[in-house]
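Enquirer: Whenever a hint applies, use it, and build me the whole structure from the sequences.
As they're listed, the protein sequences go chains Y, U and P. Just so you know, the first sequence maps onto residues 1 to 285 in this note's numbering. Just so you know, the second sequence maps onto residues 286 to 591 in this note's numbering. Just so you know, the third sequence maps onto residues 592 to 968 in this note's numbering.
Please note: incorrect hints may appear among the correct ones.
Stated by the list, open to error - Computed, partial: chain Y to chain P, Cβ under 8 Å: (1) VAL178; (2) TYR180; (3) ALA181; (4) ARG183; (5) ASP185; (6) GLY186; (7) SER188; (8) TRP189; (9) LEU200.
Hints are computed from structural coordinates only; laboratory data are not their basis. The beta carbon of each residue, even a glycine, is placed where N, CA and C say it ideally should be.
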Amino acid sequence: MERSDTIWRVLRGLALTLVIIFFLFPIFWILLMSFETNEQVLAIPPKLFIHPTLMNYVALLSGKLQTAAGALDITFMRNLWNSVLLSVCSVALSLVLGVPAAYAFARFRFRGGEDIAFTLLSFRFAPPLLVLLPLSLYFQDIGLANTYIGLIWVYQLICLPLILWIVRGYFEDASPDVEYAYRVDGHSWWRAFTRIAIPLAGPGIAAAALLSFIFAWNNFVFALVLASADKQPVTVGALAFVTASGIQYGQIAAAIVLSILPTLALALYAQRWLVEGLSLGAVKG
Amino acid sequence: MSDLAIRPAASSRPWLPRLLPYLLSLPALLVCIGILIPFGTAVWYSLERYNLAMPYTRGFIGVQQYIDLFTDPAFWHTVQVSLIYTAATVGVELLLGLGIALLLRERSRFNNFVSVALLLPLMTAPALAALMWKLMTNPGFGVLSWVVSLFGITNFKWASSPSTAMLTVVLVDIWVYTPFMIILLLAGLRSLPQQPFEAARLDGVPPTFVFWRITLPMLMPYILTATLFRVLDSIQQFDIIYAMTQGGPGDSLLVFQVSAYLNFFQYTNVGGSAAILMVLWAITYALSNVFIKQWQKLRERAHGTV
Amino acid sequence: MSLTIRNLHVAFRRNLVLDDVSLDVAPGETLVLFGPSGVGKTVLLRAIAGVEPAARGQVLIDGRDVSALGPDRRDLGMAFQNFALYPHLAARENIASPLRARGVASAEIEARVGRVAELLRISHVLDHPPRALSNGQKQRTALARALVGQPRVLLLDDPLRNVDAKLRYEMRLELPRLLRAAEAATIYVTQDYREAMALGDRIAVLHRAAIAQCDIPEAVYDAPVSVNVARLFGDPPLNLLPCRPVAEAGGLRVEAAGLRLLLPAAREAAGRDCLLGLRPETITVSRAAGGGAGTVRPAGAGGAGVPVEIVAATPLHERMVLLLRAAGGVELLASVLGEPPQGVPVVLQADEQRALLFDAESGARIPHVARTLEVVA
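Expert: If you want it as structure tokens, here you go:
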């Protein structure tokens, strides 16, 4: 009996180790590559133990690359800044729009309420290009093409459903009696909303915000269609990086590392809420 | 069911309590409307012969657009490619995800560490994941090419050859999205009641029986929800495929959204691309209705009440 | 500082909870709202506070119609049944909330909160968050929050329910003093009839979506308007015996369980099916006659005693509850002081003056009419 137990335990450990290797290896490898010179990258067989160099990161951060053919300008930092700006602003806007709406859907039963809520949910599953392609033509007409404002507005398609459905669940879970008591004490409806309802839904709002940020940051197709080079976030920028001539593989790897670092860090920080967020509130982690 | 909310004092502004929910959700509503306009436009475009390069030919052709679409072998090729992609990715992710979730079922330090580690691929932007794998499968220096060569397979073309391109992108998709399955199924497994399993253990029921007759049926809502979620995403996959090969080599990876994108930007065929997207939308709309029912069931369970 | 409720109507879907309820509470008066669990007492309180969206009707405070005002403009204090404390604030801040809403200066807030906390014996937990408090402490914090603002109207929803027995007894003595000092019109909800009778200047009995009776405690107890109201008071509950009274000189002759009573009740009830209500404490159990000369029979006792058998005896508080079986198998409960006679034949006697007569069909009580007492020698 015991022997088969240990055998199972060993097998399980082995299987999980293989799983971890498969899922973590690419990240590890790119990380390694980012510390290699071009010669080291191109060497076959690939080496695991190398002398790390920071030259790739220096090139990216300083925006200049010294090659045999002369100095090249690298605009990757601009892409990074675009990602930060777009993600932060989109999430902020969606919080301002979404939290009161989530409250309304949770506390009130009003005509058209469920319809609006489900329409917003359906945005999550509709093909984005359906909206983006006509929008790209509209934007040119109304002058929103390649603007931050235009992009932030369209990013609401990503962030708003998430905020709405996760935060709504938290408001629904909280008993309205606590808000009533605050009203009876003499506080206005607005104060009850801001001083009681929102703080008590705090964890949910934070979780929704973090998840929205991650999805906004990782987005590719929105910026591909609606932004030009100077407003593109890292997802599109990294791709352009690859096809540009004269860029070295070490730098591409470093660019990728810088691009995925924020979301990976946030994911580790917010892991508790990820299950709930990913399932839009259907499953509690 | 009466409202649960307190409305503000009515005496000074009698209209306020009734309108409050609308006021609160108005901004979100406006965004809704803002999105529905381009949607409506797309519907209209799909009924037009509209090419940006030949604006003089623009005109309403109605259903003819769809007839042309459905008689175009390229369209059916797109359907085929998309279905293969979806079936391969979701199928493998479900099986792999279920297996790994079962391995991680117990709460232990090691299992928790693994669960957290598995989050990382999921949180990587799919476009960047494709980029990473592109580097790893580079025929010149890519580590995966080197590994494969150790098994005697030289000159494996990965994404450069029509015969292996599908395999490559499916692999990337599996790498990114299997953790999604794992997370959801694991949460489902951990939320199952303990009594049936304890009773089965006391009764000496064999583990395979327990799995097929107890675990699996109880897990079915989660499996269905997760699968539908992934099917909905896979059938409209764009990022990974575009980042990897832009739909190539040739037309081997022309799934719905990639095909529509190229139609729009390369061939400037607005009407045609809109039609493709409408077909895709119809599919996802039907599927999402099924999905929402399952998803709501889980939500009720999570929150205790409707 | 008076409170008036007119035509209050609350219905949830098809469930009628309050049907055209009207009440008046004078300034400084404590009106106890009493009734069994689930009857709608909390709903009534919430309707007065303005936190019951389904409520229709009028609420007037000091003659001013506040029905259209939100709860924050009605100047009420309310202690919720489920406490409704703010989880993210310490007890001190919970209690201070009404004062902060009014913009009272911090120093004064501290003083007033301290005073109320001391009155309610929660000074030592003021800095704890609600989750660190026991149920009794939470309840008292909620009560403190309701009192601290010295509101004109106080709504207390069973504030002593979760308090342990000893503390409840002490609070029951302190509360009337507290409420009197507050000079507010108070509605106090309880399911405990003893609490109702101890605390209420008047008791409003809520039954089947309406106020069945609203009167001083003695009147509700001794002269309940219906058998439903009578049943709600008294522990153990009163005995109800079917009977058919016969008109006689001096009143109605009622026979039940072997007892023959002459009740000074209205003649119209003669010949109707009725219920004789005997409260257990109005029944005396004594040794059977033949215990010798000098046996004292209590004045007003209905004639000679009825032989009964003591089936069971259970102590209840300071009294003894006896389950008696009379002729014909009729069972009665009696509540007596001290030990009952043991091992000897015993008889039962009932106090005619305190006996209640109800119409069997309508449940309404048939009132007594004044008559002169006859003393049995």
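Enquirer: Would you mind marking each hint as holding or not holding in the structure?
Expert: Taking the hints in turn, this is what the structure says about them:
1. VAL178: Hint holds; VAL178/Y Cβ to chain P Cβ min 5 Å, cut 8 Å.
2. TYR180: holds, 4 Å
3. ALA181: holds, 4 Å
4. ARG183: Holds - the Cβ of ARG183/Y comes within 8 Å of chain P, reaching about 4 Å at its closest.
5. ASP185: holds, 4 Å
6. GLY186: holds, 3 Å
7. SER188: holds, 6 Å
8. TRP189: Hint holds; TRP189/Y Cβ to chain P Cβ min 7 Å, cut 8 Å.
9. LEU200: holds, 7 Å
In the structure shown, no violation is registered for any of the earlier numbered hints.
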